[in-house]
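Protein chains: 2
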Amino acid sequence: MLGLLIVDHGSRRPEANAQVVDMAARVARLVPAGTLIATAHLDVCAPTIADGIATLLAQGVDELHVLLYFLADGRHVREDIPGLVRAALAAHPHVRVELGGALGPDDLLAALMLRRAGLTSA
Amino acid sequence: MLGLLIVDHGSRRPEANAQVVDMAARVARLVPAGTLIATAHLDVCAPTIADGIATLLAQGVDELHVLLYFLADGRHVREDIPGLVRAALAAHPHVRVELGGALGPDDLLAALMLRRAGLTSA
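First to last, the protein sequences are chains A and B. So for the first sequence, numbering that gives the first Met the number 0 puts the first residue at 0; every next one is plus one. So for the second sequence, numbering that gives the first Met the number 0 puts the first residue at 0; every next one is plus one.
Chain A on its own, in the form it takes in the complex (with noise of 0.2 Å):
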């Protein structure tokens, strides 16, 4: 059963930890319905890694997608999230998974900046 796990990077703020949860609803709304999905926070705060992993596994996924709500391919998305989600899935070998990548550098992301600044409705 395919499961995804969608990563941000965490922070002290409530609302800026919300927001992984409402990019969780869009991704839902873009996927076969009843496709399993949970977020997690790289840091900072819970659900962690493992959290979103675990409530992922206790409902039958063994086929595990992460996606990455980053923008740089940096530290974090080459090494902490890999190493976090190795460790959690260390005894589970029948789970296949796959990491997403960063979100940026994409045309994407610049249409969404003029958007953002009023100089497009695209």
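Think of the hints as simulated: they come from the structure by calculation, not from any bench. Don't take each hint at face value.
[To be verified] If you only want the chain A side, here are some residues facing chain B, beta carbon under 8 Å, derived: (1) ARG12; (2) PRO13; (3) VAL26; (4) ILE36; (5) HIS64; (6) VAL76; (7) VAL96; (8) LEU102.
[To be verified] Label pairs and their in silico Cβ distance ranges: (9) HIS93/A x ARG11/B: 36 to 44 Å; (10) ASP21/A x ALA17/B: 24 to 32 Å; (11) ARG28/A x HIS91/B: 53 to 61 Å; (12) SER120/B x ALA24/A: 46 to 54 Å; (13) MET0/A x ALA86/B: 48 to 56 Å; (14) ALA86/A x CYS44/B: 48 to 56 Å.
Every residue gets a Cβ at the ideal spot worked out from N, C-alpha and C, and that includes glycine.
Mind docking chain B on chain A? Use the hints.
Using the frame of chain A, we list chain B on its own:
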């Protein structure tokens, strides 16, 4: 004359700092030819926001739009960047300025996360 300043957080990693320059090239392809564009980092390294604004003003910009390469609407977006922009423009009251908002949350970012995870080609 219209000028765009694209601001990211800034990093100690040159590859991370190159991303805002890459994004500026992508924005340039979406706006009318000849639109003046500069980049700046909020923190850590140059060009600073003051540097970027000085570059644009020296080229005759009197209508400045600040585009934010940030996912979340946190303290950097709400306080730090507006404060630095105001300070840089304090001696230039003739310049009109508009600040954009953070990129997230948005359906485009949900679609882009799925693409980065290899789950769609959208």
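- request: Taking the numbered hints from earlier one at a time, note which ones the structure violates and give those numbers from smallest to largest.
  value: Violated hints: 2, 4, 6, 7, 11, 12 and 14; rest satisfied.
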